[in-house]
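Q: Listed here are the chains, written in short residue letters.
2 protein chains.
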Amino acid sequence: MSQHLHLEAEILDLRTTHPFVIARGGQSDDRTIWVRLRDRDGLEGWGEAAASRYYGETPESVLSALNVYVSGMPTDPFDLEDTERRWVTTLGRNAAARAALSAALHDLVGKRLGVPLYRLWGLDPAKAPRSTFTIGLDTDERIRAKVHEAVEYPILKVKLGTDRDRRILETIREATDKELRVDANGGWTVKRAIRMLPLLEEFNVTVLEQPLPPSDLEGLAAVTRHARMPVIADESCLTVEDIPPLVGKVDGINIKLAKCGSLREALRMVAVARAHGMLVMVGCMIESSLGITAAAHLTPLVDLVDLDGAALLSNDPFVGATIAGGHVALPEGPGLGVRAR
Amino acid sequence: MSQHLHLEAEILDLRTTHPFVIARGGQSDDRTIWVRLRDRDGLEGWGEAAASRYYGETPESVLSALNVYVSGMPTDPFDLEDTERRWVTTLGRNAAARAALSAALHDLVGKRLGVPLYRLWGLDPAKAPRSTFTIGLDTDERIRAKVHEAVEYPILKVKLGTDRDRRILETIREATDKELRVDANGGWTVKRAIRMLPLLEEFNVTVLEQPLPPSDLEGLAAVTRHARMPVIADESCLTVEDIPPLVGKVDGINIKLAKCGSLREALRMVAVARAHGMLVMVGCMIESSLGITAAAHLTPLVDLVDLDGAALLSNDPFVGATIAGGHVALPEGPGLGVRAR
Chain A
597 MSQHLHLEAE ILDLRTTHPF VIARGGQSDD RTIWVRLRDR DGLEGWGEAA ASRYYGETPE
657 SVLSALNVYV SGMPTDPFDL EDTERRWVTT LGRNAAARAA LSAALHDLVG KRLGVPLYRL
717 WGLDPAKAPR STFTIGLDTD ERIRAKVHEA VEYPILKVKL GTDRDRRILE TIREATDKEL
777 RVDANGGWTV KRAIRMLPLL EEFNVTVLEQ PLPPSDLEGL AAVTRHARMP VIADESCLTV
837 EDIPPLVGKV DGINIKLAKC GSLREALRMV AVARAHGMLV MVGCMIESSL GITAAAHLTP
897 LVDLVDLDGA ALLSNDPFVG ATIAGGHVAL PEGPGLGVRA R
Chain B
597 MSQHLHLEAE ILDLRTTHPF VIARGGQSDD RTIWVRLRDR DGLEGWGEAA ASRYYGETPE
657 SVLSALNVYV SGMPTDPFDL EDTERRWVTT LGRNAAARAA LSAALHDLVG KRLGVPLYRL
717 WGLDPAKAPR STFTIGLDTD ERIRAKVHEA VEYPILKVKL GTDRDRRILE TIREATDKEL
777 RVDANGGWTV KRAIRMLPLL EEFNVTVLEQ PLPPSDLEGL AAVTRHARMP VIADESCLTV
837 EDIPPLVGKV DGINIKLAKC GSLREALRMV AVARAHGMLV MVGCMIESSL GITAAAHLTP
897 LVDLVDLDGA ALLSNDPFVG ATIAGGHVAL PEGPGLGVRA R
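Which chain is which? The protein sequence lines are A and B, in order. Heads up: the first sequence begins at 597 in the working numbering, then just goes up one per residue. Heads up: the second sequence begins at 597 in the working numbering, then just goes up one per residue.
Among the clues, some could well be false.
Just so you know, same-sequence chains aren't split out, so a pair can sit in one copy or run between any two.
Straight-line Cα separation of at most 20 Å, SDA-like style, residue types lysine to any residue; simulated pairs [stated by the list, open to error]:
(1) K723 <-> P670
(2) K845 <-> H872
(3) K723 <-> T686
(4) K723 <-> M669
(5) K845 <-> T835
(6) K723 <-> E677
(7) K742 <-> R762
(8) K723 <-> D672
Bear in mind the hints are in silico, worked out from the structure with no lab data behind them. In this text the structure is predicted, and so the values were computed from the model without any measurement.
Use the sequences and the hints to build the structure in full.
A: Okay, structure coming up:
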């Protein structure tokens, strides 16, 4: 058993094929952090931290947080429960940094044992639902071009939440009859959301994600009562403790590692949401195939998948899980199964 | 990868040191089923089914259920999620039989990988709370003798629920000043339970388990409101789906593999109870060290442990987890880590 884990972190400059814009502006820094934990035998566990400006994180704040968490590094990577608990107690928030460390430890454990993470978790990757591909806010012309480029993906996720919502839906529906899901990223008021519902129904939108600002749980409950399609909480649901207050108010939750800060917390969130009969979605940030693959190992447990973060990139530095044709394909290598391109 | 798992099942005749009696009579058959799954390489995974008459199970019904479940055996023991789901869909109830199969699969997976189950789960066995040792219903004289015999155990669990409750508490308190927890096994009415509370406080009882019949959730809520010590649901809480209705009505739940039918379900129950701020206890039936060890791997995740099933036996056929001095000691072998004596 290795006594020490050596931590290295490196900023990755990611580029999206198109500028990625959502209701509250550009979503991410497009720089993420590649975390590597190396044990004495030279085995490496990898993880990715996708800093979220929305949660006050930057690549620099992730590096600072990692500098704190390094003091709580386990001597044994299998000591997952206590290590993750120690980290969140030592320094709260900073979920992206902790998610990267969590992924790296799980990667290392899988590599030590020689099995993919999904097998350690007892899961069958064939059970993964198909992933959506996201069409960000843009001009009509560019949205048409994006829909065309997304020809291989059977389900599109449409970003709304501005005064162009009707026009965007019309533009996309003119271009395709694919299944559409909508994500307003908290861009609507209750009144606006309820007024949007007939339009969403007219355009056969099947899922509505985060119509209202995160803290408006009563508003979410009102939208859910009025909506025929399931309403999913994203920004309103970061960790397990956010789930009980959402019970009966939304139909499901969107789990992201960059929000919950841990692969184990993600598994707990699945269990808690299921216990309350809620739908479970797994989503992502703009991140490379490294971060996407960590989340992809959860997909056999969920109902809805939105793991297009790496598919939106033009310079993905890693090879891992893919969503070609919307089909989530998990790599077969041990641990996360990710390698550098 | 082995393509077939061969199932063998054998009845174990267990003997308790003393006749074991609780509020609703003799608790168990004292016969359990030893389940063995053997793969093509000759590796064996073991589990134990403790049939519960209270849930309509007998050793014979367990054998019949195993005969049904054998048709849903996985070709790959790592396929835990889907296999367990298939079993419960194929034939519900019969939790004891499914728990034995679940334990056997987990044992086999751990042995294939060469690591103890607690390590697969990322847990530190040093985090396990101390286990109680149970004093069943008996005459004053024999209760005194039992308390004397239990000298090594720092916490006693006292079975109540008859008209001798006060006498039993007095007898035990005369004999020891140890921490006492009480389990009424559903033997009280609301009125009786609330009337018992001052007596329990007088005798410094620290935990009250299942004061009322399982379905009386409103009654449990009333007792919990009146009680100074935490109230734990046992017979009221079999699986994850029983937890949401108990939120706000009791302070915690007692997880038993023979009730929930799966090690994975037990982990989910921990997550769900924790999400609602509930205490988590892990308990057992009268069963050998094989069944006890499967449950013992959960102990680093819980607050309260009652795993004395094998310690109450005079002819335990296995060597595994122990509770000497109340200290839960997990074996270091791969999988469950249990061997035949």
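Q: Honestly, which of those hints from before does the structure not fit?
A: none
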